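A.B. asks: Working from the sequences, and respecting the hints, build out all of it.
Chains A and B, in that order, give the protein sequences. All the letters of the first sequence, read from the start, carry residue numbers 1 to 421 under the working numbering. All the letters of the second sequence, read from the start, carry residue numbers 422 to 842 under the working numbering.
Treat the hints with caution; some may be incorrect.
[Claimed, not checked] Per the computed footprint, the stretches of chain A lying under chain B, defined by three or more beta-carbons under 8 Å from a beta-carbon of chain B, are:
#1 58 to 72
#2 357 to 366
#3 377 to 386
The set of hints was computed from the structure by calculation and includes no laboratory data. No experiment lies behind these values; they were computed from the predicted model shown. Quick reminder that beta carbons are idealized off the backbone N, C-alpha and C, glycines included.
Protein chains: 2
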Amino acid sequence: MTLLTSNEINVESQAIQAKKAAKILSALTTEEKNEALTILADKLEAEYKTILKANELDLANGREQNFEEAFMDRLSLTKERIYDFSKGLREVVELEDPTGDVLSNWTLENGLKVEQVRVPLGVIGMIYEARPNVTVDATGLALKSGNAIVLKGGSSAINTNKVIVDVIHQGLEETKIPKDAVQFIASTDRAATKQLFTLKEHIDVLIPRGGGALINAVVNNATVPVLETGVGNCHIYIDRAADVNKALSILINAKTDRPAVCNAAETVIVHEDWFESNVAALLSTLNDHGVSIRGDKRVLDEIPGATLAEEKDWAEEFLGLTIAMKIVKNIDEAIEHIDQYGTKHSEAIITEDKVAASTFMKHVDAAALYHNASTRFTDGGALGFGAEIGISTQKLHARGPMGLPALTTCKYLMTGDGHIR
Amino acid sequence: MTLLTSNEINVESQAIQAKKAAKILSALTTEEKNEALTILADKLEAEYKTILKANELDLANGREQNFEEAFMDRLSLTKERIYDFSKGLREVVELEDPTGDVLSNWTLENGLKVEQVRVPLGVIGMIYEARPNVTVDATGLALKSGNAIVLKGGSSAINTNKVIVDVIHQGLEETKIPKDAVQFIASTDRAATKQLFTLKEHIDVLIPRGGGALINAVVNNATVPVLETGVGNCHIYIDRAADVNKALSILINAKTDRPAVCNAAETVIVHEDWFESNVAALLSTLNDHGVSIRGDKRVLDEIPGATLAEEKDWAEEFLGLTIAMKIVKNIDEAIEHIDQYGTKHSEAIITEDKVAASTFMKHVDAAALYHNASTRFTDGGALGFGAEIGISTQKLHARGPMGLPALTTCKYLMTGDGHIR
Chain A
1 MTLLTSNEIN VESQAIQAKK AAKILSALTT EEKNEALTIL ADKLEAEYKT ILKANELDLA
61 NGREQNFEEA FMDRLSLTKE RIYDFSKGLR EVVELEDPTG DVLSNWTLEN GLKVEQVRVP
121 LGVIGMIYEA RPNVTVDATG LALKSGNAIV LKGGSSAINT NKVIVDVIHQ GLEETKIPKD
181 AVQFIASTDR AATKQLFTLK EHIDVLIPRG GGALINAVVN NATVPVLETG VGNCHIYIDR
241 AADVNKALSI LINAKTDRPA VCNAAETVIV HEDWFESNVA ALLSTLNDHG VSIRGDKRVL
301 DEIPGATLAE EKDWAEEFLG LTIAMKIVKN IDEAIEHIDQ YGTKHSEAII TEDKVAASTF
361 MKHVDAAALY HNASTRFTDG GALGFGAEIG ISTQKLHARG PMGLPALTTC KYLMTGDGHI
421 R
Chain B
422 MTLLTSNEIN VESQAIQAKK AAKILSALTT EEKNEALTIL ADKLEAEYKT ILKANELDLA
482 NGREQNFEEA FMDRLSLTKE RIYDFSKGLR EVVELEDPTG DVLSNWTLEN GLKVEQVRVP
542 LGVIGMIYEA RPNVTVDATG LALKSGNAIV LKGGSSAINT NKVIVDVIHQ GLEETKIPKD
602 AVQFIASTDR AATKQLFTLK EHIDVLIPRG GGALINAVVN NATVPVLETG VGNCHIYIDR
662 AADVNKALSI LINAKTDRPA VCNAAETVIV HEDWFESNVA ALLSTLNDHG VSIRGDKRVL
722 DEIPGATLAE EKDWAEEFLG LTIAMKIVKN IDEAIEHIDQ YGTKHSEAII TEDKVAASTF
782 MKHVDAAALY HNASTRFTDG GALGFGAEIG ISTQKLHARG PMGLPALTTC KYLMTGDGHI
842 R
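C.D. replies: The structure is reproduced here in structure tokens:
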């Protein structure tokens, strides 16, 4: 495949094409969009060998550059993984189409009729890292909600992504959705990504998905509005009145079930009374699951195997089998710590004390708060939203797991008969 | 009054104080907040003379700097205007408190209970120009929705605003709302405004209110999320099938009722057939109301008194008795023009043709679309929303007139009994 440099590529003209296509797409019926997604799913399955061949190129490049194993695993496709992509598209077909919904309507005393309807945002700019599944997932959610999409994936997966988009384009030719509704920026040049940041006239929202560095680069430099997703420094607070079994099983689930995801726990905050009574069980359970501890001084006194937590550890997404541990005198101290270091993603309290639980739910500022449950549930699928485009950690527009409605806005439609003020 | 320079002022520490106060404020009941707003209204009325005295200083400065009359009028207060402020606060007392509303709730198959509740955003940063009423209006809406506010008003009104906030602070001492929930940046230094742009840790949203230059400066430089408000380049499209009386009365209302506001019309687009039949009536009506025309070549052929519109006139907010006029062959050309030059605020079609109306409503991308009614209705009060914090011209979070719900976000609260994934 030939890649383009940022001089050869014209991101703005791609965005303009996407905007034109979005106009046509927004007028299609739910049935027409569903039919198109089904054709895309079929096409991806039919062309899985072509995709695997392109993936081989990326894997070979990755091996040459000595990428680490977990990274190579995320990059690597199999027939089954490609079939999972198409299964994902078929699931999006089943989701309710939010566009066209009448959100509210009323008639003013003067007879002017007011109707608020849900409409697509227009053009979504998706900036993401290695996982090629985002190419398919984001395209499916965008098209179903009537939006065009401009895709800028990570360099390490560029051959795979390019071929996936080629297959999508072939598929779209058999549908009512214009090919231009899916734009792929075929460049590994960072300058191409930067061009996306300021195309406010043509792109309605940027959604970065990936690590903190990527997300911060977009937030700090984009004038296009951004939907921030995913950085999760999640805490489990084990209160004085926590049930031991619930506390330990939730802690282990939140830390070890999938340590690399954003809803995994990174810090456990323990009430000193509970800690004194249960330190042995806590330690042996963490040991059994291979979790190493970075603790405050109090922790080190009781758990000699722990290492001393530095300031930066309280803010760290370890994304592996390490946990920070802090001992507190009371729930207020726990909430203050979360206020200071949390990323407003998911926070849990384990307690049998209803007053403590309600204080936590009321005063902690985050998208998702849990009482006696694991932070791992913050996920569109697990909470019953269907597929998600990401998990918002911001407060405006959408908070928490974002399904199709997060990709829409509204219009007020007023009908009069010569009404003036 | 002594003003501070940007070296003496610490905007960040004010924002931190606001954030702390927001925690306390967010836990107050609706009754406690209403009681506080009533006390503030009483206090403003009791202290109207103090406020007028401060206003005299700003007016004297304004005269010295030869500000134009309309500007001086916006700046100048009277007893009646101050009583209008307090009346506004009493109206906010009557509005429903959106916080605490349960937006949705469900129970997963595994028994985990999910509840989505509406909560305050936290801290609102308000950046605005001359009108001192914004100081009171924005404070009322912020406090009612449980948010702290950081106010940065225009330099020309700084003495007035400072004294208004002093009065508010005196009033707050008699209430449960901490004084620190209302912060005033007592500096005319632009560097102080710029400090607000990046205080992402402490300020949840910035709302600029004023002219296009102010709004663009905030949008282009802030890393704090922005709610864009108010720049309105609104169009009236007079279709081939427009009723003459409706067309002329709506056009005059939209252009001349209050030409300086954002929902006033700036361009009229006229179908060529209607234009040919009605040019005389159109011209005489505009003349009668003192409206001057900047038209395309076609207009100039028929209306010799018009001046030729330059490219920039199509994008101009005249905010006075000037209108741009373009003749089109069909509705598609009208929609294309609006796409190119509109600001996605308010757009109207005048027609008796239902198909044309529905095409316009479907394909024009704006917050508010009108069929046979004036764009002047895009206003929280006129549409029945109650007081508004501004009119959003963006698509994310809130679109169109923004009432109290636009100042809130949500939290997902999950209650389990040891639930793990």
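A.B. asks: Going through the earlier hints one by one, which of them does the structure break, listed in rising order?
C.D. replies: Those not satisfied come down to hint 1.
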